Each structure stands twice: as structure tokens, then as C-alpha cells.
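So the protein lines, in turn, are chains X and Z.
Counting with the numbering used here, you get residues 1 to 394 for the letters of the first sequence.
Counting with the numbering used here, you get residues 1 to 297 for the letters of the second sequence.
Among these hints, one or two may not hold up.
20 Å max Cα-Cα, derived EDC-like pairs, lysine to aspartate or glutamate [to be verified]:
1. Z:LYS297 <-> Z:GLU231
2. Z:LYS50 <-> Z:GLU30
3. Z:LYS122 <-> X:ASP158
4. X:LYS332 <-> Z:GLU30
5. X:LYS235 <-> X:ASP198
6. X:LYS285 <-> Z:GLU268
7. X:LYS285 <-> X:ASP316
8. X:LYS387 <-> Z:ASP286
9. X:LYS235 <-> X:ASP255
10. X:LYS346 <-> X:ASP334
11. Z:LYS27 <-> Z:GLU54
12. X:LYS151 <-> X:GLU136
13. Z:LYS235 <-> Z:GLU209
14. X:LYS388 <-> Z:ASP286
15. Z:LYS230 <-> Z:ASP194
16. X:LYS387 <-> Z:GLU231
17. X:LYS56 <-> X:GLU97
18. X:LYS388 <-> X:ASP375
19. X:LYS387 <-> X:GLU371
20. Z:LYS27 <-> X:ASP334
21. Z:LYS297 <-> Z:GLU209
22. X:LYS56 <-> X:GLU115
23. Z:LYS297 <-> Z:GLU268
24. X:LYS180 <-> X:GLU135
25. X:LYS285 <-> Z:ASP286
26. X:LYS285 <-> Z:GLU282
27. X:LYS285 <-> X:ASP381
Derived list of chain Z stretches under chain X, where covered just means 3 residues or more per stretch with a C-beta under 8 Å from a C-beta of chain X [claimed, not checked]:
28. 3-13
29. 94-108
30. 113-124
31. 143-149
32. 155-169
33. 187-200
34. 279-285
Don't read these hints as lab results, they were simulated from the structure.
On a predicted model such as this, the values are computed, not experimentally measured, just so you know.
All C-beta atoms in this analysis are idealised placements derived from N, C-alpha and C, irrespective of residue type, glycine included.
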Amino acid sequence: MKIHEYQAKQLLRDAGVPVPRGIVVKSADEAAKAFGELGGTIAVVKTQIHAGGRGKGRFKEHPDQAGVVLVKSADEARENASRMLGNTLVTIQTGDEGKVVNTLLIEEGVDIQDELYLGIVVDRESGGPVLMASEEGGMAIEEVAAATPEKIFHEPIDGGYGLHPFQATKLAFRLGMDGKAVRNAARFLPQLCRFFLDSDCSLAEVNPLVVTGDGTLIALDAKVSFDDNAMFRHKAFAELRDLSEEDEAEVKAADTGLSYVNLDGNIGCLVNGAGLAMSTMDLIKLHGGEPANFLDVGGGANAEQVTEAFRIILSDDNVKAVLVNIFGGIMKCDTIVEALLTAYDKIGFSVPLVVRLEGTNVELARKMLNESGKDIITAADLTDAAKKVVGTLA
Amino acid sequence: MSILVNKDTRVICQGITGSVGLFHSQKCREYAEECQPGVNVFVGGVTPGKGGTEVDGFPVFNTVEESIAATGANTSMIFVPPPFCADAIMEAADAGIELIVAITEGVPVLDMVRVERYLADKPVRLVGPNCPGVITPGVAKIGIMPGYIHTPGSIGVISKSGTLTYEAVWQLGNVGLGQSTAIGIGGDPIIGTDFIDLLELYENDPGTEAMLVIGEIGGNAEQQAAEYIKEHVTKSVAGFIAGVTAPPGKRMGHAGAIISGGSGTAAEKIAALEAAGVAVAESPADMGTAIQRAMAK
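Sequences and hints are given; from them, build the entire structure.
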């Protein structure tokens, strides 16, 4: 689960990690007022969306307006906010459709001496969380990783204890800090790692981490996402979820226990199992078609879920044909066909439907399909199914 | 011959009183009885607080330790709900279970970090979590795969996926090839047994003639497997990578991409496997014939 920067910063503040003072606003007037409340000569107006690259991002409605702006007066804060709120920001991470901005964070200006990079993720290879740090903070960190990976330092985090103080000190010296900054890092870094572990994060990124002129460390930006599987022990995080940032159909699918991702093609797919679902998409492409979605009904789908799955697929106007590919293991093929026929009657199909079944009780299932009298095209194997569904569009 | 599961395997199910745990314990028992008539392979189950009771002929114990003392079990199949799965795995390891097959889906990743550390110095193998399990056709199955599509033979199957593994096994059957053992390792970020562990076991198993490796986009386990194959595997290997056409997801931060320096695309993985001499199936419909190509080399 992703959360907004302002939410991440509040959680970090609660965990003892220094962040700039800031005020969350939802209108231009509030933005102007926030500038006054912060009391400085400069402030930063930051759009709050679930995507990075905001500083370089531009608005569809105002091509010159960036998603993060430094302002020097309350009026300037108001003007920028009015061009941001309700409008659509496009960044390298949003895709061409962009994201509508509903919330802004107005923050105090910070005396920046150094900008560093910090990130924590769980590393598959070492089997635990890893703290990554680099002197090359800022937006181009991925380029740094590709061109000069030696400039990114890795410290493994003990999954029980967290980051040991000596690891924090070692990193601080490697990052070129001295004096007071090193002592601050010895507190800041372990606290950030503790937060990652205690909150079941899947990502915690501070980019940039700012070192000020007097050696204070401040998280100038913060990106945090949580492990969905661990949310049962963090009930309070549920209210941080912003549904307006998520795809409506994908949320609906998830609520029904389905895994769905909307794509650009025109062949709807309903498959059991993620690997088989991806393979089905691959095969459709191999035979010249374009999948409209990824949809995994899981291992134990019932009639209700299959009906909902068809509803979601057919609610996409781009869908011109549907391919069902089921390898019934524990889920019996006749159960799927029964659900499929019920769904067929309930929803009504206006596009061709190709069905490929294999596995438990497949003979009975095929017989049910043939005797249903419905206009359903059956396929013998994977290749046959892909060819037939692509063929219906020719 | 086979790996991990053989005629000495005796299994308890942790979470046997749940509907899913019981259902699959029954299916596994049926399969084992067909393969080894008169032998009791699935010897019982564990549910704390329900010790001393019985469910459909399976004796239930409070702890894994008790179940081992009473039945001589050496293997555990885990179906407990995600919040308790890590603890169940550690309990099994502590009690002396040799092979743990964790089917449970949705275990928090930091729980698995702790499990990995706990298991590190113990003589135990964990398969999973979030996997279909292990089957040695003609002997026993521990997991949720349909038994009947498998036939005894000499192909060792390793897969990150569930139903795609069934598809692969079915295609092997269509070209007349049986399996020594077929294993789904699961696709979670942290898993107990990886490709390399199993490549090594199959390489040393006289009953395995060739291997089929099925991977997916994400991470770099397949690239590491390719390196291992190049250096250490003398038997024929075929492979398939799912997700060639999956579009890159919208990401939130950068950390996931920079951790391994690579993006885990299918193209990268396929190139690495081919460079290691693996016959990679071009299409998911071609997994059965790919292994024939590998063996003809």
C-alpha cells in the first residue's frame, strides 16, 4: 500500500526522524495562509500524488507549472496552488494520463548544504532489508545506480535488532560527513531502519536527505509503502489509504479476491494463477493480439468471483473478445464451467468468447459447454486458444 | 529416484483442522494410498488446543514435537493462516522436522526475514511459502497440485509458479515424459528453497535425466540459476520465463530498481539462460518440446 509524502513524514516524525515543518492544504487560500504560519521568507509548495518525479513534472492544463515549487510570498503560494489543485500532473512515473492533484504540502525552506540519498528495501538476494545510501542525492539516483553502482553503499539491516550504531557511523563517514553530522546520522539512520521494521514497510526512501549548514539531518522528501500482507497488524494504517489514487476496477477486483491489472489491448483474459495468466498474455501477443488485462481468479474461485471477473473485463469498452484459460487443479473444470454459464446468462455476452480448459473433470466440463447451446468457442490447447481468439478479431 | 520426497517421507499437516488444510490432507492421503497401498504416509496433523482429537481419521496434536513423538513424522505441510505461518515454520524446524512445505499465501515479508535467520543453522529444508508444493509421482505429493496429471519419470521440474507448473507437467505428459520430482518454489521475495538448491539436488539425483526450469519476471534468481547451470550442471536443462509481454508497472520509488542493478525483465533472464546452454521455450505452449530439444543436444 502506497501513502502520500505528508503521511509518510508524519509517521517519520512520530518515529523520531527529523522532517521539515509543514502544513497540508486543499485550497489556494489555505496555501497562502500556511505560508504566513510557517513564518519564513521562503516555502516549498509540493503536490501530493502517489508518484515520483514531481519536480520535473508538468501540468496538462498549465504546461509551465512544475509539481514542486519554491515560493517567496503568500501570494506566490496562492497563485501556484491555484494552478495545481484540481489539475493533472504528468511525471515520468504517472504515465501519459497523469494524476489529478487534490492535496498540497506547504513546507518551510531548509538551509541545504548537502543532498544525499537513502533507501531501504527487502533484498531478495541477501534475504533481508538493506539500507542503501549515496552522496549523489536528488532525482537522478537511478542513473547513478546504472552508471556508477560503486557510489551506492549497501548496509544489511538485522531483521530483529535493526541497524547497529557502528553501521550508521561507517555510512556517515563514507558519505563524507563530519563532526555533528556524523553524530546526528548515528541517531537518524537507526531510527529510520527501526521505522521500516516496526511498520512492515516494503519501501522507505528519503531522497534527498539534507545535511544543513549546522550539521542537522532532515528528510526533505519521503516515500513509504507498506507490505499489504502485514496490514493485519497495522489496522491504523488503513485510513492512510487514498482510493482516488488507485484504479477503480483494480480496487473492485481486489475486494472480490481477484488480481486484475488493466492494459491497453482489446482481448480480455480470465486465467487461474499469475504465472499462467502472464503466459496467456504472452501467447496472445505472440499470435498478433493485444491483451486488455491481466486477471488471475486464483486457486479457489467460486461462481460469484467468476461472474464479477467477467463483469470487470466487459466493463472495459476496449474489449472485443474474451479468452478464458483454466488449468483446473484443485479447482475442478466443471465448477468453472458452471460459474461461466451462470455468468454468461447474468451478464450477457456481446463479444466472442473462447474457452480453453484442462485438468480435473475436463471431460464433464467440455460436455457441459457443448450442451449449453451457447455461442462459446472451445479450444484444445494454449496455442489453439490464442489463435482462435485473435482470429475472432480478424 | 527422486529428490526431497521418497518412500521414507511421513507427513503431518500444521493447520489440519482448517477446511483447506483438511481438504488437501485428504487429497494427499488418497494420492499416497494409490501409490503406496497399505503404507500410512499422512500420519496426522497439528492444531494448538485441539490435541487428542481426530479429524477424518487423522490424529490431531497440540504441538509438532508431540506429533513427531507419536507418529515419527519427518515432514510438515503448512496451511496455517498468514499471521501465524512464520511461527509454524519455526516450530516445525525446532521440533526436528526435516522438510517443511509451506503452502500458505500472504506471509508478511519481514516475517520471512526472521524465519530465514532462524533456519540458517538448522538441518531443515523449507519449500515456499506461497507455493503449490512438492510431488514425487508414484510416491507421494505434499501440496495442492492435481496428482493425476503427473507420471513417474526422469524430468526434474522447478517452478516459481503454480498453475503454470501444471501446464508444464501436462505438456511433458503429452510428449511422453514423466517427472522424477516436481517442485513449486513460490514467487515471494523471500523463499526457503531457490532454483540453485534444487538444480544441485537434481544434478546429483541418479533418477533425474534432465531439468525444466520455469521462471517469471522480477528479481534475478533466474540469472543466478543460469550462472550456476553454466558452472555446475552437466545434465540437459530446458527453461521458460513467463511475462515477456508484461508492461513495466508504475513504480513509486527508485529503491526496488537500483537494489540489484537490473530490472528483472524476461529478456534479461532468457538471454542469461540461453548463454548457459539452456533450451528456452519461445512460447508457453512449447515447454514440452523445449525439453525434448534440450535432451537431443
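Going through the hints against the structure:
no.: 1; hint: Z:LYS297 <-> Z:GLU231; in the structure: holds (18 Å)
no.: 2; hint: Z:LYS50 <-> Z:GLU30; in the structure: violated (24 Å)
no.: 3; hint: Z:LYS122 <-> X:ASP158; in the structure: holds (19 Å)
no.: 4; hint: X:LYS332 <-> Z:GLU30; in the structure: holds (17 Å)
no.: 5; hint: X:LYS235 <-> X:ASP198; in the structure: holds (13 Å)
no.: 6; hint: X:LYS285 <-> Z:GLU268; in the structure: holds (19 Å)
no.: 7; hint: X:LYS285 <-> X:ASP316; in the structure: holds (19 Å)
no.: 8; hint: X:LYS387 <-> Z:ASP286; in the structure: holds (15 Å)
no.: 9; hint: X:LYS235 <-> X:ASP255; in the structure: holds (17 Å)
no.: 10; hint: X:LYS346 <-> X:ASP334; in the structure: holds (18 Å)
no.: 11; hint: Z:LYS27 <-> Z:GLU54; in the structure: holds (17 Å)
no.: 12; hint: X:LYS151 <-> X:GLU136; in the structure: holds (8 Å)
no.: 13; hint: Z:LYS235 <-> Z:GLU209; in the structure: holds (6 Å)
no.: 14; hint: X:LYS388 <-> Z:ASP286; in the structure: holds (18 Å)
no.: 15; hint: Z:LYS230 <-> Z:ASP194; in the structure: holds (17 Å)
no.: 16; hint: X:LYS387 <-> Z:GLU231; in the structure: violated (39 Å)
no.: 17; hint: X:LYS56 <-> X:GLU97; in the structure: holds (16 Å)
no.: 18; hint: X:LYS388 <-> X:ASP375; in the structure: holds (14 Å)
no.: 19; hint: X:LYS387 <-> X:GLU371; in the structure: violated (24 Å)
no.: 20; hint: Z:LYS27 <-> X:ASP334; in the structure: holds (18 Å)
no.: 21; hint: Z:LYS297 <-> Z:GLU209; in the structure: holds (13 Å)
no.: 22; hint: X:LYS56 <-> X:GLU115; in the structure: holds (17 Å)
no.: 23; hint: Z:LYS297 <-> Z:GLU268; in the structure: violated (23 Å)
no.: 24; hint: X:LYS180 <-> X:GLU135; in the structure: holds (17 Å)
no.: 25; hint: X:LYS285 <-> Z:ASP286; in the structure: holds (15 Å)
no.: 26; hint: X:LYS285 <-> Z:GLU282; in the structure: holds (12 Å)
no.: 27; hint: X:LYS285 <-> X:ASP381; in the structure: holds (16 Å)
no.: 28; hint: 3-13; in the structure: violated (count 0)
no.: 29; hint: 94-108; in the structure: holds (count 3)
no.: 30; hint: 113-124; in the structure: holds (count 4)
no.: 31; hint: 143-149; in the structure: holds (count 5)
no.: 32; hint: 155-169; in the structure: holds (count 9)
no.: 33; hint: 187-200; in the structure: holds (count 3)
no.: 34; hint: 279-285; in the structure: holds (count 4)
Of the numbered hints listed earlier, those contradicted by the structure are 2, 16, 19, 23, 28.
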